[in-house]
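K.L.:
If you read the sequences in order, they're chains A and B. So that you can map any letter, position 565 of the first sequence is 565 in this note's numbering, and since no number is skipped, the others follow by simple counting. So that you can map any letter, position 60 of the second sequence is 60 in this note's numbering, and since no number is skipped, the others follow by simple counting.
Honestly, the hints are just simulated from the structure, not real lab data. Ideal Cβ placement from N, Cα and C applies to all residues, glycine included. There may be inaccurate statements among the hints.
Partial chain A-side listing against chain B, Cβ under 8 Å, derived [claimed, not checked]:
(1) 531
(2) 535
(3) 540
(4) 555
(5) 564
(6) 585
(7) 589
(8) 598
(9) 616
(10) 618
(11) 620
Each chain is listed here by its residues.
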Amino acid sequence: MAQPAGLISLFLLALVLRAQALTPSHHLSSADVTRLKAFLNQPLEDLESAYYTIVGLSKLGVRVSDEKAACQFLKSHHDPTSIDSLFFAAEASQALSDCEIPVSNETRDLLLAVVSEDSSVSQIHHAVGALGSLGLPLASQEVVSALAARITKEDNVLAIIVALQTASRLSQQADLSRILEEIEDLAARLDDLGGVYLQFEEGLEATALFVTAAYGLSDHVGLEPPLKEDQVVQLVNSVFSKKAWSSLAEAFSVASAAAVLSDNRFHIPVIVGTQGPATVSHRQPTLKIQVTNVLSRPLSSASVVVESARSVSSKNVVLKQASFTLREEVFELNFLDSKPASGYYDFAVAVAGDTRFVGSSVELKVKVSTEVGITNVDLSIVDKDQSIGPKSTKVEYPSKAKGSLIADSHQNLALSFQLVDENTGVELTPHQTFVRLHNQKTDQEVVFVAEPDSKNVYRFELDTAERKSEFNSMSGTYALHLIIGDATLENPILWNMADIVLKFPDEDAPSVVQSKNLYVAKPEIQHLFREPEKKPATVVSNAFTALVLAPFLLLIILWYKLGANISNFSITPSALLFHLGHAAMLGLMYVYWTHLNMFQTLKYLAIVGSLTFLAGNRMLAQKAVKRIGSQ
Amino acid sequence: MSNSVLSVISRFLSEYSTSTPSKLKLVDAYLLYILLTGAMQFLYCLLVGTFPFNSFLSGFISCVGCFILAVCLRIQVNPNNKGEFLGISPERAFADFLFAHTVLHLVVINFIG
Numbered sequence: 001m002a003q004p005a006g007l008i009s010l011f012l013l014a015l016v017l018r019a020q021a022l023t024p025s026h027h028l029s030s031a032d033v034t035r036l037k038a039f040l041n042q043p044l045e046d047l048e049s050a051y052y053t054i055v056g057l058s059k060l061g062v063r064v065s066d067e068k069a070a071c072q073f074l075k076s077h078h079d080p081t082s083i084d085s086l087f088f089a090a091e092a093s094q095a096l097s098d099c100e101i102p103v104s105n106e107t108r109d110l111l112l113a114v115v116s117e118d119s120s121v122s123q124i125h126h127a128v129g130a131l132g133s134l135g136l137p138l139a140s141q142e143v144v145s146a147l148a149a150r151i152t153k154e155d156n157v158l159a160i161i162v163a164l165q166t167a168s169r170l171s172q173q174a175d176l177s178r179i180l181e182e183i184e185d186l187a188a189r190l191d192d193l194g195g196v197y198l199q200f201e202e203g204l205e206a207t208a209l210f211v212t213a214a215y216g217l218s219d220h221v222g223l224e225p226p227l228k229e230d231q232v233v234q235l236v237n238s239v240f241s242k243k244a245w246s247s248l249a250e251a252f253s254v255a256s257a258a259a260v261l262s263d264n265r266f267h268i269p270v271i272v273g274t275q276g277p278a279t280v281s282h283r284q285p286t287l288k289i290q291v292t293n294v295l296s297r298p299l300s301s302a303s304v305v306v307e308s309a310r311s312v313s314s315k316n317v318v319l320k321q322a323s324f325t326l327r328e329e330v331f332e333l334n335f336l337d338s339k340p341a342s343g344y345y346d347f348a349v350a351v352a353g354d355t356r357f358v359g360s361s362v363e364l365k366v367k368v369s370t371e372v373g374i375t376n377v378d379l380s381i382v383d384k385d386q387s388i389g390p391k392s393t394k395v396e397y398p399s400k401a402k403g404s405l406i407a408d409s410h411q412n413l414a415l416s417f418q419l420v421d422e423n424t425g426v427e428l429t430p431h432q433t434f435v436r437l438h439n440q441k442t443d444q445e446v447v448f449v450a451e452p453d454s455k456n457v458y459r460f461e462l463d464t465a466e467r468k469s470e471f472n473s474m475s476g477t478y479a480l481h482l483i484i485g486d487a488t489l490e491n492p493i494l495w496n497m498a499d500i501v502l503k504f505p506d507e508d509a510p511s512v513v514q515s516k517n518l519y520v521a522k523p524e525i526q527h528l529f530r531e532p533e534k535k536p537a538t539v540v541s542n543a544f545t546a547l548v549l550a551p552f553l554l555l556i557i558l559w560y561k562l563g564a565n566i567s568n569f570s571i572t573p574s575a576l577l578f579h580l581g582h583a584a585m586l587g588l589m590y591v592y593w594t595h596l597n598m599f600q601t602l603k604y605l606a607i608v609g610s611l612t613f614l615a616g617n618r619m620l621a622q623k624a625v626k627r628i629g630s631q
Numbered sequence: 001m002s003n004s005v006l007s008v009i010s011r012f013l014s015e016y017s018t019s020t021p022s023k024l025k026l027v028d029a030y031l032l033y034i035l036l037t038g039a040m041q042f043l044y045c046l047l048v049g050t051f052p053f054n055s056f057l058s059g060f061i062s063c064v065g066c067f068i069l070a071v072c073l074r075i076q077v078n079p080n081n082k083g084e085f086l087g088i089s090p091e092r093a094f095a096d097f098l099f100a101h102t103v104l105h106l107v108v109i110n111f112i113g
């Protein structure tokens with residue numbers, strides 16, 4: 001009943017998003033699916049890993065190799081007193097054919113007792129799952145109210161995902177709207193990475209489990225999940241971007257997500273890709289496209305149409321609304337029927353056939369390649385002053401000109417040719433049109449570019465005198481090669497057209513041609529240490545030292561003359577101590593200059609200074625007393 | 001002109017030798033010594049060059065600092081100025097002189113390199 005509404009909304013959405021439709025960039029290729037199956041198929045060791053193996057493989061459509069042994073394993077390893085153990089055993093037994101776990105009344109009562117507000121969401125999920133798989137009845141409404149109560153208490157992402165999974169096991173008559181609206185809340189919690197990925201910060205497993213739970217519940221209830229087309233594609237990218245899984249649980253979540261995305265009632269992500277490189281040529285005129293789901297299984301109901309094929313260079317639309325024909329699960333289109341010129345084309349491809357398709361508008365870049373042919377090749381030696389008529393030689397590709405042409409400094413070498421598309425006769429201008437002159441003896445090589453003129457005729461002129469520096473003025477026989485290349489050419493050309501003898505004027509004395517070897521060790525750089533500053537002559541320094549110390553002598557003489565004496569020196573302990581301390585301080589200054597740093601000096605200065613201060617204070621006080629007494 | 005200058009100078013010198021107490025003359029001799037030392041350093045710097053500059057600076061500033069401190073001591077110890085420095089006895093002035101010198105020498109030795 002919700003499907004028509006879903007249909008219309010999806011159609012409108014597709015129309016609106018056509019311009020910037022996101023297409024899945026990751027999916028599980030056949031090799032990836034094989035690897036996933038191999039990874040899941042681990043030998044049964046404990047019940048939880050057995051559950052992942054058995055149920056995971058069944059989601060991918062594969063059965064465990066030995067079902068009887070697996071069933072025996074489940075029966076022997078399950079613990080009827082543990083809810084988790086019962087859940088794993090019951091779910092796994094459902095995936096195996098003809099396997100039943102015996103159930104007692106105590107087990108049933110235990111499971112039913114778990115369904116209450118006091119158990120965690122995970123416990124409730126395991127109990128409901130076990131009850132369902134064992135075929136025991138349960139009261140859905142009770143479960144719903146218990147879940148609703150638990151969600152408000154455990155507000156984390158994983159708990160809500162588990163609640164969604166639980167709800168999809170309940171009866172459709174129950175009112176699951178409270179749980180259903182959690183899908184939208186969870187979708188809002190997803191992190192958008194660069195517009196390409198959408199995932200929970202809890203990781204890949206949480207994102208994959210969310211996808212499984214959301215689509216599982218939506219299918220069960222019959223209401224389209226509130227996820228936009230771009231969001232679905234981004235979720236696909238996130239879940240399938242990792243191709244080597246770190247644990248069984250992670251691989252199981254990816255397998256569940258892949259299974260649910262390849263078969264649900266609302267959204268089927270579509271993977272469109274070319275078979276082989278997207279190149280079309282006369283030998284291979286058909287463009288082959290494969291349309292698969294995320295598990296790389298071809299979609300049988302699809303029909304592929306190219307809406308427009310536009311040339312990248314000229315922006316002309318070459319093809320419109322052409323449909324592909326389906327042949328053995330591959331969609332083919334003979335693009336060369338529309339006679340495209342060689343180059344690149346932007347294809348806007350649309351996949352129709354099912355309203356559930358997501359990511360169905362794809363942009364492909366297709367290359368049309370062709371073969372090039374060289375025509376009208378004219379090689380001539382032209383005299384500079386044009387007094388003598390040009391000697392021209394016509395050469396046919398791929399043969400070589402007979403005899404060699406001689407050009408000296410008075411002449412120019414001229415080359416002209418045309419490049420045409422072998423298949424259509426259209427003139428081509430490839431990316432690489434080089435003329436290479438190679439001296440066999442000295443291994444010198446000079447490469448020039450030939451440029452097309454307005455009529456698409458390629459011309460090249462070599463002025464021997466002007467270009468002698470490129471050749472290092474080495475006269476001799478040079479082999480003339482023509483190199484034609486382009487990404488859209490199937491047959492790049494290297495053509496030894498002729499041998500040219502070049503004669504250069506005033507040849508230098510035979511200088512050994514240094515093969516410009518860039519990889520030889522360069523001369524060593526000697527580091528120049530900073531030159532110490534020029535010091536003046538020792539004589540000058542000594543002279544000035546004497547000059548600077550001379551006034552001290554003068555001072556001694558003057559003091560003596562003035563009658564300075566130490567007759568008044570009172571030999572008191574404080575005076576002695578003061579003078580000793582003062583001398584020590586001066587000595588400390590010298591030691592500071594030669595050995596110590598500021599901190600050590602301050603330390604010693606503090607000690608000596610305080611002693612000197614105390615002694616000096618005492619001494620000066622005594623002196624003052626003496627002075628005042630004598631006044 | 002030069003006559004009057006010479007007479008002023010000779011007058012000054014005679015006044016100086018008679019009326020200045022010998023203690024102050026001692027300090028003046030010390031001042032002359034410091035001045036000459038500083039002048040010699042400056043002469044070296046002018047003639048030979050400023051390398052190493054930090055040593056020149058520290059030596060020169062030491063002379064300048066010592067000169068200033070000695071001038072302060074002279075002013076404070078001069079009995080004619082007793083009125084200006086009522087709380088500061090000559091002993092106190094000398095103690096201040098020594099303390100200031102300690103700090104000056106610490107800085108000078110740090111900078112002399």
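K.L.:
A separate judgement is required for each hint: does it hold in the structure or not?
P.N.:
For each hint, the structure was consulted:
no.: 1; hint: 531; in the structure: violated, 13 Å
no.: 2; hint: 535; in the structure: holds, 7 Å
no.: 3; hint: 540; in the structure: holds, 6 Å
no.: 4; hint: 555; in the structure: holds, 4 Å
no.: 5; hint: 564; in the structure: holds, 6 Å
no.: 6; hint: 585; in the structure: holds, 7 Å
no.: 7; hint: 589; in the structure: holds, 5 Å
no.: 8; hint: 598; in the structure: holds, 6 Å
no.: 9; hint: 616; in the structure: holds, 6 Å
no.: 10; hint: 618; in the structure: violated, 11 Å
no.: 11; hint: 620; in the structure: holds, 4 Å
Violated hints, in rising order: 1 and 10; the structure is consistent with all others.
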